[in-house]
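J.: Position chain U against the provided structure of chain Y, taking the given hints into account.
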Amino acid sequence: MDDLLYARAQMGMSLAFHIVFAAAGVALPVLMVLSDLKARRTGDADYRLLSYKLAKGTAILFAVGAVSGTVLSFELGLLWPEFMGQYGEVIGLPFSLEGVAFFTEAIFLGIYLYGRERVSPGLHLFSGVMVALSGAASAFFVTLVNVFMNDPSGFTPTPNGPTDIQPLVAMFSPGWPYQTAHVLLSCYQASAFAMAGIHAFVLLRHPGSAFHRKALSVALPLACVTALAQPLVGDFLAKHAAEAQPVKLAAMEGHFDTERGASLRVGGLPDMETATTPYSLEIPYGLSILAFGDPHAEVKGLKEFPREDWPPVAKVHLAFQLMVGTGSAMALLALVTLGLRWRKREWPSGPRMMRLWLLASPLGVLAMEAGWLVTEWGRQPWIIHGVMRTKDAVTPVPHLAAPFWTFTLVYLFLGAMVTFLLARQVAGTLPGRESDDAH
Amino acid sequence: MPTELVLGFAVAGTFVLYSLFGGADFGGGVWDLLASGPRKAEQRALIAHALGPVWEVNHVWLIAGLVLLFSGFPRAFSALTVALHVPLTLLLLGIVFRGTAFTFRTYDARGDLVQRRWGLVFSVASLVSPVLLGMCVGAVVSGRIRVEGRVVVSGFFEPWLTPFALAVGVLALCLFAFLAAVYLTAEADSEPLREDFRRRALGAGVAVFLAALGVLLLARQGAPRVWQGLLHEPFALALHAVTALSALAAFALLWRRSFRLARVAAAVQAGFIVLGWAASQYPYLVVPDITLQATAASPAVQRVLLVALVVGILTVVPSIALLLRIFQSPPTRR
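Protein sequences appear in the order of chains Y and U.
Following UniProt numbering, the numbering of the first sequence begins with 1 at its first residue and continues without gaps.
Following UniProt numbering, the numbering of the second sequence begins with 1 at its first residue and continues without gaps.
Looking at chain U on its own, in the form it has when it is part of the complex:
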């Protein structure tokens, strides 16, 4: 396999992992905002407890993807940061407020009012950031970002302020909320709390389905290339089949209260949605003007990046495995 394709896979891989971990993290913020019912406080405590040890790690995936993108595909990175300057800046503000609010809330435990205020900042930022992230993805696949030579000619607003991009944003939000709710069913340490998140997971699952349908309908007009890719490329169809099957499995497992397995199915579903996105726009990094091959760094750079990637995997994977093993919730399932 050519090295640029391996690097392309690595970038897509970091985005998958960012959705699975960082996405669930955003989703936790959404459920913090929507906490309700008699166990409102317990719900929030469970979210904080589940996020605490891992949230910083969850967000390093974004940096990893970004670094791979600008070292491996520098011109694509530069075009994207120009065309998406506005939503990316807003996303950054969301990330700043989310991270700091969560930490301030955790480490300044006195006074309900102060805690609640930080909690509100945390959850509103968790709501807005995924939508912006999705809108950026929507803009990239829509084909409305136009690059001539090294110059972005499509303006700073038009590509991402479209119904299609917004629909992708909503899909991202629903998906992250769904993931978080499913994960939390397996983390919960009491039966009623688990039921709370089971209901939320089922609801969010329906929302994901509706949002995906919306994206699909809007794609015909809003992202014609992807529409083609979605319906006609055999490998894309295979990916979507896996997505659909795992979505159904996640739903059925939730319904039957097999929470551990539901978590796996939901993660597979989310991962394949992201992979499906990547596959449907291949070979373009920025549809339709920049391909993976055209923007790839020089071969010498690609080779060292692959070495760095291996070093990174050998360092990070065992460490994360250790972290997750330590903080898996104590065995409370039946």
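Excised from the complex, chain Y in its bound form:
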């Protein structure tokens, strides 16, 4: 691999790792506050224990998210100095506001976690709400930077860098409502599905455990609502991409030839030699409807664009298929679950449904990672779409293999540690083992 590829791999790996923790940092406080509220309303000890456990989980995940986020903010410069040197000022505003949100998140998390016995119940709950709000604000602002990279605005590019900079225009580049909503939903969805899966797993082995049924009743509503809302928001985002980044949309679909009434491809493997996507299921007029809401609309194919501007088509297409596939599976499961909830007037907890929720538990994270790969690979070879190429942004520092492998090993190790610690947290709630949890 050359140094550019190592730099991209390191950035990608750092982000892939960080995203999981950042998402948990956004969503777990909401679940924590919800169970805290239920505990207050009902006086139920299980809900109190649940909010306690979720607070600990939040603390562990937030710490790892905070340090991996620190790494990322340095890596922006360490790996892409030309990008930051020229465009740091254009996108500085959302980053600064993200910094403020990160501050309030850390402060109120400190109060929530360590202040249970020191502050009034009202202030304690308020702190939890502040943590949840700050987490959402953080994700919102940082996504705005990515929106800018996909569809930049608010400056005039020159060979010597940007001029006529309008920071507010750059901060709200076109398409911002769709992408920020898509990302925020994905955070809640991924975390709620993961949490539901964990409790479903315990319920399969210990059916009827009251604690885990209640935990499920906190996770399932959020999981179902987000799973149903996400495809709608995703559709808006795809329509925006069709306008702003047609080459990305073409790669997502493995769509080589410009055509009217284009069909939607499900699955398939793009073949660069023949410029076709064999083995796919084609839905007539589907792509034209998806992209422009009109069955006869013209959809530009990859051949419309110079070869050197193509993203890695096969990767983008596969990642997109994975995102849409897992998203659909989750939406379907949400529909079935809500149907059962409506008929039986309680959240399902039977073994068949629990097995489905267990199977679905990694899908949210998978969809989130796949979706992020779609947007990042799909933007290549540009770091800022149409303005700066990734290869022109990379650092001149040699031997980038060394930091790449170091951080890869460190992150693998940390990932394993976090999994182990969270598993111990859950183990402490298994029926008959509650007293294990000394801390």
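Hints are all accurate, no fakes.
Far from chain U by the CB rule (all over 10 angstroms, computed), these chain Y residues:
#, residue
1, Leu15
2, Gly122
3, Gly261
4, Gly301
5, Pro306
6, Ala370
Simulated coverage check for chain U against chain Y, where a stretch passes if three residues somewhere in it have a Cβ under 8 angstroms from a Cβ of chain Y:
#, region
7, 55 to 64
8, 72 to 78
9, 88 to 94
10, 150 to 159
11, 303 to 316
A few chain U residues facing chain Y, derived, Cβ under 7 angstroms:
#, residue
12, His85
13, Thr100
14, Ser298
15, Leu323
16, Ile326
The set of hints was computed from the structure by calculation and includes no laboratory data.
A virtual CB, placed ideally from N, CA and C, is assigned to each residue, including glycine.
T.: Chain U alone, transformed into the frame defined by chain Y:
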């Protein structure tokens, strides 16, 4: 005052606050490593107790400074990340291990062995990170980072691997250890424990003095511009006078066991050391090729950054005040 100067002050301000809070946090790790005597366990417990609620907050100052630097002075940021790629990467590893080890240790309280292992990771990372941070600062002031146009031409090792840079690293370590020890005297809830940290604070204070002397002696060769600034600029001399006075005050107050006041004096001392550094290299952000004025973002950007700064201050300061008020140790002093 021109906006870029206000932003420059803001960057320096975040570095001051990072030293006062994050620095003390690193220092806590050092004393965790050096815990000894009959109250070894109590010392470690006090450190963990004092850090717990605030350590995440302490480290956000670094991010705040970084964000202000790259939004307000993008070309300086990009030159620094190229020239200091290696030590900054190592510093990052230190920060990652330190933060995660502390959390893992706190939230996985079973088994002494596991706890001790995380404790060791935590304190070794706390020892290494400040030295690297100081070496980066040393490289920046030394004038050995050379930039032509947009290209860093001075290599990736030479500027920070010098005796001067290393001396600055050692000074940072001693200063952070000193701050932490002084803070902990005021946090301790028993007399013997307080004496433990008083002795450590006095020892670390002497180490700070020696390290500062070393930096000063090496500066003549290692950082000629700063040497000039240190000795000849009137405002720099005034800053150093304040530093010296507060250092003496901190020492005297420790000696007389006025721990609350000693804490203030030590914080003033550390803050003025950082401000003195910033003043001695003004108007350069990267000595001697990049000035504050030359690298400043466009005026429109500077204006919004100032607004963001005000929003940030109005949000963060009351919240931090609340946090500190809640977690100030219960009144145990006489």
